[in-house]
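**Student:** Chains as they are written, first to last, in numbering that gives the first Met the number 0: chain H, 0 to 341; chain Z, 0 to 341; chain X, 0 to 341; chain D, 0 to 341.
Honestly, the hints are just simulated from the structure, not real lab data.
Worth double-checking, as some hints may not be accurate.
The list treats identical chains as one, so a pair stands whether inside a single copy or across any two.
Straight-line Cα separation of at most 20 Å, SDA-like style, residue types lysine to any residue; simulated pairs [unchecked claim]: (1) K247 / G222; (2) K247 / R2; (3) K43 / Q255; (4) K247 / V225; (5) K250 / G169; (6) K110 / Q296; (7) K43 / E187; (8) K247 / G226; (9) K43 / S272; (10) K110 / G298; (11) K43 / E124; (12) K43 / A273; (13) K138 / F326; (14) K250 / H170; (15) K103 / A35.
There are 4 protein chains.
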Amino acid sequence: MIRAGIVGGTGYTGVELLRILALHPGAEVTVVTSRADAGQRVDKTYPSLRGLCDVVFTPPELDNLADCDAVFFATPNGTAMTMAADLLARGVKVIDLSADFRIKDVNEWEKWYGMSHASPELVAEAVYGLPEVNREAIKQARLIACPGCYPTAVQLGFLPLLEQGVIDAGHLIADAKSGVSGAGRKAEIPSLMSEAGESFKAYGVSGHRHLPEIRQGMQLAAGESVGLTFVPHLTPMIRGIHATLYAKLTKPVDLQALFEQRYQGERFVDVLSAGSHADTRNVRGSNRCQIAVHQPQGGDTVVILSVIDNLVKGASGQAVQAMNLMFGLPEGQGLETVALYP
Amino acid sequence: MIRAGIVGGTGYTGVELLRILALHPGAEVTVVTSRADAGQRVDKTYPSLRGLCDVVFTPPELDNLADCDAVFFATPNGTAMTMAADLLARGVKVIDLSADFRIKDVNEWEKWYGMSHASPELVAEAVYGLPEVNREAIKQARLIACPGCYPTAVQLGFLPLLEQGVIDAGHLIADAKSGVSGAGRKAEIPSLMSEAGESFKAYGVSGHRHLPEIRQGMQLAAGESVGLTFVPHLTPMIRGIHATLYAKLTKPVDLQALFEQRYQGERFVDVLSAGSHADTRNVRGSNRCQIAVHQPQGGDTVVILSVIDNLVKGASGQAVQAMNLMFGLPEGQGLETVALYP
Amino acid sequence: MIRAGIVGGTGYTGVELLRILALHPGAEVTVVTSRADAGQRVDKTYPSLRGLCDVVFTPPELDNLADCDAVFFATPNGTAMTMAADLLARGVKVIDLSADFRIKDVNEWEKWYGMSHASPELVAEAVYGLPEVNREAIKQARLIACPGCYPTAVQLGFLPLLEQGVIDAGHLIADAKSGVSGAGRKAEIPSLMSEAGESFKAYGVSGHRHLPEIRQGMQLAAGESVGLTFVPHLTPMIRGIHATLYAKLTKPVDLQALFEQRYQGERFVDVLSAGSHADTRNVRGSNRCQIAVHQPQGGDTVVILSVIDNLVKGASGQAVQAMNLMFGLPEGQGLETVALYP
Amino acid sequence: MIRAGIVGGTGYTGVELLRILALHPGAEVTVVTSRADAGQRVDKTYPSLRGLCDVVFTPPELDNLADCDAVFFATPNGTAMTMAADLLARGVKVIDLSADFRIKDVNEWEKWYGMSHASPELVAEAVYGLPEVNREAIKQARLIACPGCYPTAVQLGFLPLLEQGVIDAGHLIADAKSGVSGAGRKAEIPSLMSEAGESFKAYGVSGHRHLPEIRQGMQLAAGESVGLTFVPHLTPMIRGIHATLYAKLTKPVDLQALFEQRYQGERFVDVLSAGSHADTRNVRGSNRCQIAVHQPQGGDTVVILSVIDNLVKGASGQAVQAMNLMFGLPEGQGLETVALYP
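Bound-form chain H, shown alone:
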C-alpha cells in the first residue's frame, strides 16, 4: 500500500486527488497539508469525503511528509521547487501538479513565471508526466512534472499529426475553452458565479503561461520548430476543457486511421468514430481524453476536437496514472470510473 501525501490539500486538484485516492486499492492518503487549516479534519472542509477520509490537515513541513512513499504537490507555482530536493533526498518520490518542473529551459520558465527557479538542477531530471509520450521514463522517474490542463488536451490532439509530419507546423492554432475550476479555489472576483456564469470570454490572448509548455512538447514530437497561436477561453461550466485545433495539411493522409493507430491500446485516449463531435460532459469526472478528427469539406484544413476533464486527465487523474506507473501498479488502477452524465 503506497503511503501518499498531498501538499496543498485545499485546492481543487488537491481535493480531486483525495476523491480519486479514497477508492484507490493500492494507495492510501496518510498526510494532507494546509497551513491555514492545520488541525482541522479534511472532511470538515470537504463534506463529500465524510466517512472516506479520516485525515487531519497538518502544516506543510518536511518531517510530516518524510514517511510517505509519494508526495503530490497540488500547490501554486513556486512551492514544489523549494521542497522537492529534500523529499527526494529522503527517498520520497515527488509528483508535482504545478508548473515548477515542466519547462526544460529554465530561463524561459523564469520569464513566464516571473520568479527565480529554486531547483534548476532538478529540472533536467524531472520527467514530463504525459504517459502517452513518456510511459517508460515515468516508470523510472523519481520526480514527475505533471502536464498542465490545456497542454494535455492540446498536445494529445496535435501529437499524431506532428509525429507523422503531415501538417504545416509553422502555423498552428489552438482555440481552447476551459471550465472555471481551472482557475482554482481562490477568492477572486472574476471567478465569482455572478461574473463567470452565463458569459464567455477569451483571456491571456497576448500570451498564456501554458504556451511555452505546449510548444516544448509539440517541438519534441515534430522534431522541428513549431509556430502556435494559443487562445484560452473561460466557459460557464465547472469542469471540462475543449480544445479546437486547426492545422494545414501538407500531404494526403487518412486522418482517422492515423489517430486510431497512434492511440491504439491507450486506455485513456479514445478516438471517436469518424464524423463524431466530442463533448466535455462525456469525460466529466473521468480520466479520459476523447478526440474527434475532421477535415471540413475535404479541404486542406484539419480540425481536431479534444476534450478532457481539466481536474482529472488534466491534473489529478493523470498524476495518479503517473503514480501507478512509478510504483509498478496497473496503469489504470483507481481510475476506472465512468463519466458523470448527465
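Model the placement of chains Z, X and D on the given structure of chain H, informed by the hints.
**Tutor:** Only chains Z, X and D this time, still in chain H's reference frame:
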C-alpha cells in the same frame, strides 16, 4: 454474476443504471431495451460508456429479458405493470424505478396517475424499496417498487421525527427543490436550457404525484394520519434534490441525537454535525443522503435539510442497493463512489 | 434634472443603479465613489456602460457629494450611518440601500449587525422605502431605508393576508431562494462558480439578518406579534428571488380576489391569474414583483409564490422608485423595462 | 406610429421582437401570429410581457397581416419565402429574420437548406440587413434579409481586415461559440438543460448553413475569393456569441487604429481599447457588438474577438435597427438599452 436487464435504457435513470452497473463487481448488464434505438450500440447513444459497455439495444420483448436474473424498469409510468407478472412467472426479479407499484391503494394510484392499473394483484406483494425502512422485506422480495426522488429525500428527513412522535403530524411542510434531470430525458420545452436555466419556479403546487407516495410512507412511520403540504420547485442545476422540511415540535427532544441514533450504521444516510447546512454538490453522483437538523432560535419549529442526488439515491443507486440486498451481496457493492466536487 | 451620487459604485447594487439611471430621463449620475478605483473611468470597470457613462470614480468624501440632489448608498452595512447626517445637513436627500436605517429598534439592529449605530437619532426619521406600503411617507422623506431583497419578496407576499387578518400570524414560514448576486461582488470562496454553480443549499438557518426586518414590517401590517421561520437558500443562478410562503388560514376568504384588490393599481406588483406559478426569469432585469396564490387541495394552508429580481425590485430599482416619489417624478420613470427572457 | 406584425411569435426571436417593440416609441405590434396558439393572449405564453402587450395570437394568414406597415418573419426557414411576395404586393415592408433571402446564389441556398426556393425572383431584390455595410440600401428597401447570428459576429470582426486587404483571405478561421438560445425554442433533446448545461461541444464541423452566408459577405468586402474554416460550438449559457477569428497578416498595419476608424460613428459597434478582452455578458440584452483586436507576441497572426447577443444584434435588435432605417426613424430608437450585467 447477476445478469441484469434494463427496460427503457435511453432515459436518465437508465443510463445512470448503466453507469453504476458498468463497474459493479457482482452484476453485468446483458440486455438493454429501447424500441426506438433497437439494433444500435448503447455507447453510440452514450459516448461516456465507450469501452465499458458492449451491449446493443434490443426491443423490449419478454423473450429478450427472460434470461436475466433481475430486470430494472427505467420506464415511464405504466410500462412495468404490464410486464412484471410475466417476468416474475419466469423467475426474474423485478426492480421498478417507475411509480407503478409504489401506492398500496390502487384507487388512489389510478386517480393520481390517470390510468387503470394493469396488475393490481401485484401491488400488495411489491416491497417499497427504501432500505432504511424495509431492509429485511427487500431481501425477501421478488418485486421492488423503488421510491421516487422527492419521496426519498422527504421521508428520510421526516422519519425519525414521525417514528418518535415528537412533532405535530397534522401540519407538515416539505418545500423541495430538484435539478432538471428529474424531468427526464424528454424533448419538452420547459426543460430546455433557455427555459430552465437561470430561473427558479415552483410547479404542481395544487398537487404533485409524489404527494400520496410520501404521505403513505410517513403515515406508516407515524402510525397516524399525516397532513402534508408538498411544494416541488425546479432548480437551475442538473442533479440534486434539496428538501427543506418544517414541523412543529410537540415535546422537548435532543434532535441531533435522535437523528444520529436513527441512522447509526446506515451506510448511505449521513447526519451532518450540529449547525451544518447540507449542500447538494456534496452528494452529486453518490448514493448518499446528507441531513442537517435545525431548531431556529430554539423555538418550536424544526427545520430539516435533506439532500440527495435524484438520479442515484433518488433512483438508480437506490435500485442497485435493493438489488444487492435481494441477491445477498454487500449492500453497498458498486455504490462506493465519492461525490463529484467541484 | 436630478443630480445623483452613488457611494460604493463597484458592487452589484451600484452598477445596477448605473444601468437604470443611465437611461433615466429625469436623473443624471454626477458622482460615483470608490476608494479603491478612484481616478479610473467607471466604464473601464463596467464595459457594459461604455458610451453611456463618462464618470470617473472619486473618493467617498463629503465634498464630492454635496452638490448632488440625492445620494444613493450602495455600500456595505455601516457606511451610510456615518455620512447621512452630514449630507442631510447640506440639503442632500439620502437613499440607503444598506441595512443601516431599516430597523426601528436600535438595540435589535446592533444585536443583528454586530456594531454600534453611529446615527441612532436618524433611525426614527428614516422612511422604510417600500412604496406599496409607505408611498405617501416616501414622498415627504429626506432619508430612505430601502428594503432588503428577501424582505421585499416576503413582505409583498404576506402583506395582504396579514392586513386582512385571515391567517394564523403566529406560525408563518418563508422558504426563500436567492440567486448568487445577492451575496454581492465580493471575492469569497462560497460565491465562486465552482462552489455555487450546480448546487443548492440553505444557509443562515439559525438566524439571518433579514429576519428582524421582515418581522418588523409584518407586525406593522398585522397589528400584532408575528411568529416567522425564515430559511434562505442559495440557488445556482445569478439574479432572482423566489419566496415560497406558507400560512394557515383562519377564516374562509377568496384569496385570489384579496390579492388582486390589494395590488390593484400597483405598477410593480403583478398578481398572476389563478393556478399560475411564478418564475424568476419573468422578472429578470425588471422592477416587478409577480405573485401567485395557491390553496393546495382546498385545505387550510395558503401557499404564496412571490418572485422579484433581487437587484432591481429587491434593491436598485426600488431605490429609483423611491427617488422618483421623493422628487415628484412619475413613479415608474426609468423603470419601464421588460424582463430579459430567455 | 408603425404598425408591426410578427409572424412566428412563439420562438425566441419573436418574443425578443416583442420585448424590444413593447417600449419602442415609434412602433406598435398589432399582429402576432401563431398557428398553434391562435386565440390565446400573447402574455399568457410570455408572462414577462404582462401589462405591456394586449395582443392575441392570430393564425398566420395574409389578411391578418395586410394592415401592417412592416411584417417581421421570426419563423423557421422556408416560411417567409412563401408569403413575402403577397405582402410586398399589398405595400407591406418585409423584414425576414430567417435565412430565406440571405444567399444571392439560389442554387447554393437550395443546396444548404435542402428545399426549393419559392420566390427566387425576390432574392435579388432583398437587401442584406447589416447596417454597418448596407445602411443606404436598407433605407430604400422593401425586403430585408436579416443576417444570421454567427454571420453578424464573424463579419463585423473580419470586415475591416478584408476591406483593407491586409490579411491572407485564403486561410481564415472563425471559431465561434453560441449560447443555447441560438437553437431556438424547439423541443429537442440536445437543447435540454441536462444535455447542454455544464458541457461544451463543437457541432456541424463538416459544414454549417451559416458558412455560405458568411463567405458571401466576406467576399463582397474583400473583392476576392475567401477561404474560411468555420466551427460553431454550443456553450452552456443562454444568450451570447463569441467569435474568435484568426488571420495571417500580409502587411504591417496599426490594427487598433484600423478598427477604430472603420467603426467610428457606428452606434452599435464598439471597438474596445487595446489589450482588452470582449465578454458576452457586457452585451447581454443589448444591440451592441464589442470587438477586441490582438496580435499575439507581435507575430503575423491577428486574433479578433467579437461578441454579440445572438437574439439582439444577432437577430431581433438588428431587425429593429433595419426597420428604423427603412421608416426614417433614428437608427437607434428603441434600442438604447444597457446590457444586463451581472
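**Student:** Where does the structure disagree with the numbered hints, that is, which hint numbers, in rising order?
**Tutor:** As far as the earlier hints go, 2, 11, 15 are violated by this structure, in ascending order.
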